[in-house]
Structures are given as structure tokens and as C-alpha cells.
Amino acid sequence: MKRSPDGKDTSQEWCEVDPTEGGSPNWGFCEATLDYDKVRRKVRDLMAEEIPEIKKIRDEEQKLIPVGLKLLETYEKTFDK
Numbered sequence: 000m001k002r003s004p005d006g007k008d009t010s011q012e013w014c015e016v017d018p019t020e021g022g023s024p025n026w027g028f029c030e031a032t033l034d035y036d037k038v039r040r041k042v043r044d045l046m047a048e049e050i051p052e053i054k055k056i057r058d059e060e061q062k063l064i065p066v067g068l069k070l071l072e073t074y075e076k077t078f079d080k
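Counted the way numbering that gives the first Met the number 0 counts, the sequence shown spans residues 0 to 80.
You may find that some hints are simply not true.
[Stated by the list, open to error] In silico lysine-lysine, DSS-like type, Cα no more than 27 Å apart, as pairs:
{"hint": "1", "residue 1": "Lys55", "residue 2": "Lys69"}
{"hint": "2", "residue 1": "Lys41", "residue 2": "Lys54"}
{"hint": "3", "residue 1": "Lys62", "residue 2": "Lys41"}
{"hint": "4", "residue 1": "Lys76", "residue 2": "Lys54"}
{"hint": "5", "residue 1": "Lys41", "residue 2": "Lys55"}
[Unchecked claim] Here are the in silico distance ranges between beta carbons for each label pair:
{"hint": "6", "residue 1": "Ser3", "residue 2": "Lys37", "range": "24 to 30 Å"}
{"hint": "7", "residue 1": "Lys76", "residue 2": "Arg43", "range": "47 to 53 Å"}
{"hint": "8", "residue 1": "Thr9", "residue 2": "Arg39", "range": "41 to 47 Å"}
Simulated from the structure, these hints should not be mistaken for lab results.
All C-beta atoms, glycine included, are put in the ideal place defined by N, C-alpha and C.
Build out the structure end to end from the sequences listed, making use of the hints.
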């Protein structure tokens with residue numbers, strides 16, 4: 000068991016911090032270190048899960064573009080006289 004600067008036993012790491020007004024201690028418990036490799040792996044895995052759905056939506060969109068263009072052409076022939 001580690002001891003914090005105030006002498007208490009703790010399992011947490013402590014860090015020196017900027018002193019605050021009012022005489023508060025100039026230490027606090029450290030924030031967890033961010034594991035950027037872990038974050039990148041998680042994002043990569045999440046993206047890999049979404050890619051098939053994105054491709055499916057893109058393929059559906061590509062099929063609808065000619066339909067939309069045909070509707071626009073019909074609209075213009077009908078109302079833009």
C-alpha cells in the first residue's frame with residue numbers, strides 16, 4: 000500500500016498539482032494515463048464494423064441517383080415552361 004502526502008494509505012497514484020487558493024493541498028490523485036494505442040484499436044474495430052453498412056448505403060444511393068435525376072427532368076419539363 001502506498002502513502003499519499005497526507006499520510007493515508009492508498010492504492011491510487013498521487014501527483015503534484017498547482018496550488019489552489021485557500022491553502023488546499025498541492026497534490027491530488029493522478030488521472031489515468033490515456034492509452035492511445037488502445038483508443039486507435041477500438042476506433043479501428045468500430046469503423047470496421049460500420050464499413051459494410053456504409054457500403055450498403057452508398058450502393059443504394061447510387062441506384063437512386065438516376066431515379067432522382069429522372070424526376071428532376073420530369074419536374075423541369077412540367078413546371079419550367
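These are the hints, each one checked on the structure:
1. Lys55 x Lys69: OK: Lys55 and Lys69 at ~22 Å, within 27 Å.
2. Lys41 x Lys54: Distance ~20 Å between Lys41 and Lys54 Cα, so the pair holds.
3. Lys62 x Lys41: 33 Å, violated
4. Lys76 x Lys54: The hint is violated at about 34 Å.
5. Lys41 x Lys55: Holds, at roughly 22 Å.
6. Ser3 x Lys37: 24 to 30 Å: 27 Å, holds
7. Lys76 x Arg43: 47 to 53 Å: 49 Å, holds
8. Thr9 x Arg39: 41 to 47 Å: 31 Å, violated
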